[in-house]
Structures are given as structure tokens and as C-alpha cells.
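J.: Sequence:
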Amino acid sequence: MERALVLRRDPGGLVAADPVWRGFWLTNALWASVDGGIALVGLLSPEPDRAWLRDILYLNAALDLLYIAGGLWLASKGEARLQGAGWAVVLHGGVASPL
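First residue of the sequence shown? That's 107 in the numbering used here, and the numbers climb one at a time after it.
Since the hints were derived computationally from the structure, they do not count as laboratory data. Since this is a predicted model, take the numbers as computed values, not measurements. Treat the hints with care, since some could be wrong.
Unchecked claim - Capping the alpha-carbon separation at 20 Å, the derived lysine to any residue pairs in SDA-like fashion look like this:
1) Lys-183 x Leu-132
2) Lys-183 x Trp-131
3) Lys-183 x His-198
4) Lys-183 x Leu-197
5) Lys-183 x Trp-193
6) Lys-183 x Leu-172
7) Lys-183 x Val-196
8) Lys-183 x Asp-124
9) Lys-183 x Arg-128
Please build the complete structure, drawing on both the sequences and the hints.
T.: Right, here's the structure in full:
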């Protein structure tokens with residue numbers, strides 16, 4: 107309950123008092139900036155060959171498994187900031203990637 111109150115007091119979570127939430131939102135912000143850069147390159151580039159794109163998507167799916175494992179490892183650490191970052195990586199590797 108306290109964490110929900112912290113999020114309401116600190117819009118965006120980057121300045122949250124709880125280090126778990128701060129690590130979570132900082133990792134999400136960094137990951138979103140990388141995703142935005144990749145999307146911009148894709149938008150400005152010509153349409154890729156389908157076979158090449160399929161290979162890249164297979165590689166991305168394999169990397170997602172590594173992201174999830176790494177995120178779970180971080181989330182299991184004792185430091186609150188690392189726990190928040192770990193759950194953010196799990197979220198991006200496991201939930202956001204299939205979208």
C-alpha cells in the first residue's frame with residue numbers, strides 16, 4: 107500500500123522515495139529511450155528484406171529469454187534499486203516484447 111502512495115506523490119516514479127520504484131522507473135525510462143531510437147531508425151530506413159527481418163526477430167526472441175533470466179537474477183538481489191531494475195527488465199523481456 108505504501109508503494110502505491112509513493113507513486114501518487116511522485117509522478118513518473120523517477121524521483122520516488124522508495125528505491126525499488128526508482129530503479130524500476132529509471133530502467134523503464136532507459137529501455138524506452140533505446141526502443142525509441144530503434145523505432146526511429148526503422149522509420150527512416152527502407153523496408154527490410156523479409157528473411158532478414160525474420161532472423162532478427164528470432165534473435166530478439168532468444169535475447170528476451172536472456173533478459174528475463176537476467177531480470178529475475180537482479181530482482182533476487184538484496185539491494186532495493188537492483189530489485190526494481192530487475193522487475194523492469196522482466197517486464198520488458200516477458201510482456202512488452204510479444205507486443
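J.: Taking the numbered hints from earlier one at a time, note which ones the structure violates and give those numbers from smallest to largest.
T.: none
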